[in-house]
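2 protein chains.
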Amino acid sequence: MINTPNRGKLSNDIGSFEILYKDLLGRIGKLKTKSGYIETPCLLPVVNITKQPISMDELYNDLNCKAIMTNAYLLKKRFESSIIEKGIHEFLGFEGVVFTDSGAYQILTYGEIDVEPLEIVFFEEDIGSDIAVILDFPTGVGESRKKAEFTIKETLKRSDEALKKIRRKDILWVGPVQGGTNIDLVKLCSQKMSEKNFSIYALGSPTKVMESYKFETLFNMIFTAKSSLPINRPFHLFGAGHPFMFSLAAAAGCDMFDSAAYVIYARDGRYLTEYGTSKIEDMKYFPCSCPICVKNIPKDLLELSYEKKIELLSKHNLYICFEEIKRIKEAILEGRLWELIEIRTRSHPSLLQAMKCFKKYKNFLEENTPSSKNHGIFFFGRDSTYRPEVVRYRKKIIEDYKPPKNFKRMLLLPTSSNKPFIRNRLIKYLIRNFESFKDLQICIYSIPFGIIPLEISDMFPLSQTEICTECNEEVKEDLVRIITDYLIKNDYEKVMIYADNKFWDKNKLKKVSKICDRKKIDLNVSYYGDKVWNRESFEKITNMLEIPFNGVSS
Amino acid sequence: MINTPNRGKLSNDIGSFEILYKDLLGRIGKLKTKSGYIETPCLLPVVNITKQPISMDELYNDLNCKAIMTNAYLLKKRFESSIIEKGIHEFLGFEGVVFTDSGAYQILTYGEIDVEPLEIVFFEEDIGSDIAVILDFPTGVGESRKKAEFTIKETLKRSDEALKKIRRKDILWVGPVQGGTNIDLVKLCSQKMSEKNFSIYALGSPTKVMESYKFETLFNMIFTAKSSLPINRPFHLFGAGHPFMFSLAAAAGCDMFDSAAYVIYARDGRYLTEYGTSKIEDMKYFPCSCPICVKNIPKDLLELSYEKKIELLSKHNLYICFEEIKRIKEAILEGRLWELIEIRTRSHPSLLQAMKCFKKYKNFLEENTPSSKNHGIFFFGRDSTYRPEVVRYRKKIIEDYKPPKNFKRMLLLPTSSNKPFIRNRLIKYLIRNFESFKDLQICIYSIPFGIIPLEISDMFPLSQTEICTECNEEVKEDLVRIITDYLIKNDYEKVMIYADNKFWDKNKLKKVSKICDRKKIDLNVSYYGDKVWNRESFEKITNMLEIPFNGVSS
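Taken in order, these protein sequences are the chains called A and B.
Counting from 0, one number per residue, gives the positions in the first sequence under numbering that gives the first Met the number 0.
Counting from 0, one number per residue, gives the positions in the second sequence under numbering that gives the first Met the number 0.
If we strip away everything but chain A, and leave its shape as in the complex, we get:
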């Protein structure tokens, strides 16, 4: 008996995925299912109907949760006939979107399960899942390469079989990518899967990697899969546990997550925050304003029955997870997702370590980030040099920018706290005196952009960046490298640097000087002391420029 869905008529745009906003690889999207839209990034709480501390009604109404995940394999084992009769939505009493997992996790745990791959697929059709996973063969972690290769082959075979046999086109079918921690195999599997017609792709086997906090490995797997799969399809991350990594996962292109952490942690008396975990018996304060936490202190919860404690703790944990999802969406909308991951990577050293992957995939991230934002960006230090806006500018200034032909001399000035730079008094004064110097270009040297020609200095994000100037040496070396690259690329006859003596030490100057020697550029450096702009500075600069100093006071 086949359950005919009554929520949402069958229409041929089921499975459509409209991307509304994007930032990094994160996006706010609308995914159409037969039970309504899912807005991504979306967290689907895992529901185990036999031991569910939060009712479906509370989930849907109080927690505003419109999509859940449940396990088709486990349901089939226990409730096969009644669930087929009622359909999954009526059986669960949940009118939102139901995503069914296939039992692959049970294969991972027990090695094998007693159901044929197509049996599960047909069962998922029979119960009327909105989104359903084929029964793939998960690679797991720590398996031999041969085993990993086998799981991929098996998953691809099962994908073909399933896609050939499925009858219901109103279900969004999910194709999991396998390969485990073997990055080359993840790539291979992604390429093969991308040729198959799945509505949603997913990363298989990440649970153990996450549980052991190997986030660098996890993000390598994610970025590898993402860069081979069709970018316009949603990408699901199975078992994304802790909310402290949701924003990084979203930034790496995970549109959907499922998580049972809210209840697993609750059973263990663990209280989730968006940056960590605490045992409630160790706590005196709840750092949260959710409906549970404004009414209770930890002591109150500890005095409750075990069941009630789990219920309240699960609810808080889920509020925190959904809150983080809203935070991620708002960050994507406002173009501040990089800012959010700068914060979240300070929740745990292993998350900061995972930023290595973001560095490796900086060009991929850059290509998918809007080129303008209506607010400034933040620069905190070396890690921030990999954010798309910085990567993009540094590339453009070297590869694309050509100074106007008449510029033969360059005056390189330090940055100013006035922004745009053009507002700076000295610059205004120099420009006033420029009319006779058509051969002179003013450039600004500044962290993190390197070199900024004055005529483009009011473009985003050059004038809108807030900078922590307490930078490490690597960031300063970067700056010098961009300047030398720029000088190699372009032809000037003379370069004059008005130089900060703390920044421009012997080594850095030597690097610039070497290029100038090679390119026969006349280099002239004038140092300033404690104060960058004073009467003396005007004199020094006009001296370098060989124009008379006409006594403008500082």
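Any given hint could turn out to be false.
For chains that are exact copies, the list does not tell them apart, and a pair is met inside one copy or across any two.
No farther apart than 27 Å at their CA atoms in a straight line, the calculated lysine-lysine pairs in the DSS-like style are these [said to hold, decoys possible]:
| id | residue 1 | residue 2 |
| --- | --- | --- |
| 1 | Lys325 | Lys294 |
| 2 | Lys510 | Lys191 |
| 3 | Lys298 | Lys50 |
| 4 | Lys152 | Lys539 |
| 5 | Lys507 | Lys407 |
| 6 | Lys475 | Lys358 |
| 7 | Lys152 | Lys475 |
| 8 | Lys505 | Lys355 |
Keep in mind that the hints were calculated from the coordinates and are not lab data.
Using the hints, position chain B against chain A.
Frame of chain A, contents of chain B only:
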């Protein structure tokens, strides 16, 4: 007519401040007032009774706010007789703790006010404030040094006059420190104020510094004041605006804050988060689970009347502020305040810049931090090297630690992912073979501690630190510096390093080798390749040790 307080009988321990927990300079304390206890760190919302969007009842009951601040000067101007008749608590309809400011902020804004300093003090006594500020003379920002010196003199004079004339000992009197951004004057003023018998000290004039995001300057002022004032008294920060800096302020020793930001921002349509601010008209999602945000989306608020919008936005803003205070308290309790400020300093580059002050006062912070914690600490990079646990260990290993006299040879091994290190297989094996080598000490080299003698390696925090190994060069240089300092201090005949060839480049080895030459220490280095522990490594180490390799497999 004098209002006799009926809440809390007059007892001689009013003003007592009991410190329950501490971390960095932050502390959870109980401050006794005649209207009950304040638990610090405490945020007192500023209440302006003439335009207050949240009722006193809602503040006290819904927001669980038990202490507020209001302005005695403004109240005196408008409601003098009725407020004296009723007393401040009845007048406001607030039974919690009432802290009255004196009108100093109005002096700062208007240059002068039309009330004598003692008039305000007597008024505060008459209305029965629980905590009251004398009318000091604020320095402000951008004033001449002469003016700053004058304001200090005047503040000290007014302090003496007030303390001489006050009649009510059941009021906690607050002594503000002036000096503005002149750090030496802040120090001078703090020293003078510390001789006077105030119940609470405070930092005056910080508002403009905060408004212009000059947090480095602000924290210089705070640390300077804190290090000269009596550490066992509460310290108040006037006008601490945005919740993103509360944790840093608490870590720098501010026990109390007042803030009107919740309503000032709300009037401007601005939505506070613990890491920033958004305009509600730009928002689509509220990243929060407070009673306002679980029931509304930004669109809902925009459709309300102006008054109602301000009310709801003020409430959200205040929930967020109190949530951050609870987060800070929980962090102090759990000994994770440094972890919290690592996160918060990534909310804005100017907050990260303020970490410079935390570096400058690292010893002061270290002295006030408990020496043991029941959990590991996080190490993210250079900034983390200033956290008390690291500062303390680095100091102790050089200044206090003495290796047992019999140790003539040192074997320096890389760190291991097993913790405690003693669990490492190789180390276990070497120890088994040690019985004949009473002259040999095993040490571990590791970021961020430098050098760790094996016999103390299970002490806190050596084995409980989570490390982001993606460190910058400065952190690595630190490590080498500690090793060389250690070698200078102690006498070994032979040092053997089992060295990572990526870490131990020519420069770093040269530094160690130079010390060994000078101290006539025999230096022996054996490099390992990609894998630190394998069969070959056992051989290399036993070779250096000149003991037979007995074939233990890796």
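Using 27 Å as the alpha-carbon threshold, which applies to Lys505 and Lys355: within, between, both, or neither?
-> Between copies only: 25 Å across chains, 31 Å inside a chain, cut-off 27 Å.
Is it within, between, both, or neither for Lys475 and Lys358, if the alpha carbons may be no more than 27 Å apart?
-> So Lys475 and Lys358 pass the 27 Å test inside a copy (18 Å) and across (21 Å) alike.
Quick one: Lys325 to Lys294, C-alpha cut-off 27 Å, is that within a copy, between copies, both, or neither?
-> both (22 Å within a copy, 14 Å between copies)
First find the shortest C-alpha distance between Lys510 and Lys191 inside one copy, then the shortest across copies, and answer within, between, both or neither for a cut-off of 27 Å.
-> neither (48 Å within a copy, 53 Å between copies)
Go through the copies and call it for Lys152 and Lys475: within, between, both or neither, with a Cα cutoff of 27 Å.
-> neither (49 Å within a copy, 45 Å between copies)
Between copies, within a copy, both or neither: which fits Lys152 and Lys539 at Cα up to 27 Å?
-> neither (71 Å within a copy, 43 Å between copies)
Within, between, both or neither, where Lys507 and Lys407 count as close if Cα-Cα is 27 Å or less | within (23 Å within a copy, 43 Å between copies)
Classify it for me, Lys298 with Lys50: is the Cα-Cα distance of at most 27 Å met within a copy, between copies, both or neither?
-> Within one copy, since 25 Å is at most 27 Å while 37 Å is not.
Taken one by one, the earlier hints fail for this structure at numbers 2, 4, 7, listed in ascending order.
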